[in-house]
Structures are given as structure tokens and as C-alpha cells.
Amino acid sequence: DAKTTQPTSMDCAEGRAANLPCNHSTISGNEYVYWYRQIHSQGPQYIIHGLKNNETNEMASLIITEDRKSSTLILPHATLRDTAVYYCIVRLPNSGGSNYKLTFGKGTLLTVNP
Amino acid sequence: DAGVTQSPTHLIKTRGQHVTLRCSPISGHKSVSWYQQVLGQGPQFIFQYYEKEERGRGNFPDRFSARQFPNYSSELNVNALLLGDSALYLCASSFYTDTYEQYFGPGTRLTVT
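Those protein sequence lines, which keep their order, are chains A and B. Position one of the first sequence corresponds to residue 6 (this note's numbering), numbered consecutively onward. Position one of the second sequence corresponds to residue 78 (this note's numbering), numbered consecutively onward.
Okay, chain A solo, but in the shape it has when bound (with noise of 0.2 Å):
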């Protein structure tokens, strides 16, 4: 799987818009990106992933670049609640089985402030 850069810290003000990088510059052609996020004391959540387009959805949205190296996660409206560790992971999709787990680096740890 494809190592992923991303920021240690990142903060936030309540309302705004929370943007939040990942460098992937050896992703495969066939290497999906998702994007988990894991609120203290609790299960990582999945939040979004996408191959090449730009991805919404209720939580998200997911900017992929053109040459795939990097992509952004978008949180629209930061709330409080959104205080989380930020994961980045590049994956093969699921082949006969193989290709199952997900590799967690350190992510970014996003602070939303009042």
C-alpha cells in the first residue's frame, strides 16, 4: 500500500471550514483513498472514500488531484464534535480476498475551537 503524508495538527474555528491535506505521491492507478477519523476513546469512523473523482457525501467531501499525489478532506461546517484524529489511507481495492486491511499511520489531530 502506498505511504501517506500527512500534518500532525491542525486547527480549526467552529463554523468554518476544515481542510485537511494528504500527500500520496506513489499511489497506484488502482489505489483507492479513504479517509477514517477516530473521536478520542472511541472506534476509527469511516468517513469517505474515491479513485479519481471528487467524492461528497453527508459527512465529506473528497478533492483528489488530477495526478492522484494528493487529495483534501473537506468538513464544510467544523462543529466541536469534530475534534478527531484524522486518518489518510491508500488501498488496492479488495481482490479474491487479499488487499483487506487498512494500514493507520499517526494522522492529524484536528482541533475545533469555539
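Derived from the structure by calculation, the hints contain no laboratory data. Just to be clear, a hint being listed does not mean it is correct.
As the list claims (entries may be wrong) - Short derived list, chain B residues pointing at chain A, Cβ under 7 Å:
#, residue
1, G182
2, P183
3, G184
Built from N, CA and C at the ideal position, the CB exists for glycine as well.
Given chain A's structure and the hints, the job is docking chain B onto it.
Relative to the frame of chain A, chain B by itself:
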């Protein structure tokens, strides 16, 4: 719908003992994975099971074992506990699809003294 459930929530064991942790996946999910998260680190993959068969194993010693039952619930067993086994143990379940989004339970906090 209920999410992934794990039991117990917290557990304290002594070095050398063994422990069994339990996980019930989301209804309809046939794949279960286990992860270990030590303080300050991201989760590390231990095992993955699908249809009661082990499909993957991370870099953990043989003291760690797991199994999946016909109802797709799973157990993680750890023998001869060491202080370093103290961690949050996470279970995740998923459909068996190409993109394999995994949904995590709240975890079991194991403390080895």
C-alpha cells in the same frame, strides 16, 4: 441498526494469563477484522476473517489467535499476556466488496499488570 458491538468494554489481566475478546458484526456483514491500538499510535492490523476462514494475518506472534463463528461473530484470543499487550482492541466488520469499507466497534480496553 446496531453497529459493531464488542465485549467486554474494559478488562484487567495479569501477565501470563489469557484473554478472550468478542465481537458481533453489523447485520449482513460477513467479514470481521481485528486491530490493536497502543496509546499514541494508529490501529495495527491483526487478523481478518471472511466466511469463517482466516484471510489475513498481521505481524503478531502466535500467542494471538482468532476465529469466526457461523453467525459471523468473532473471538480474539491472546495467550501468555505480556505488559506490551495492553492496548485498545478494535473489531471492524464489512461487506465483502471491492472497496471494503470497514466499520469499527468501540473497542475493548485491555490492561495487563
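- Please name the hints from earlier in the document that this structure breaks, with their numbers sorted from lowest to highest. Per hint list: zero violations.
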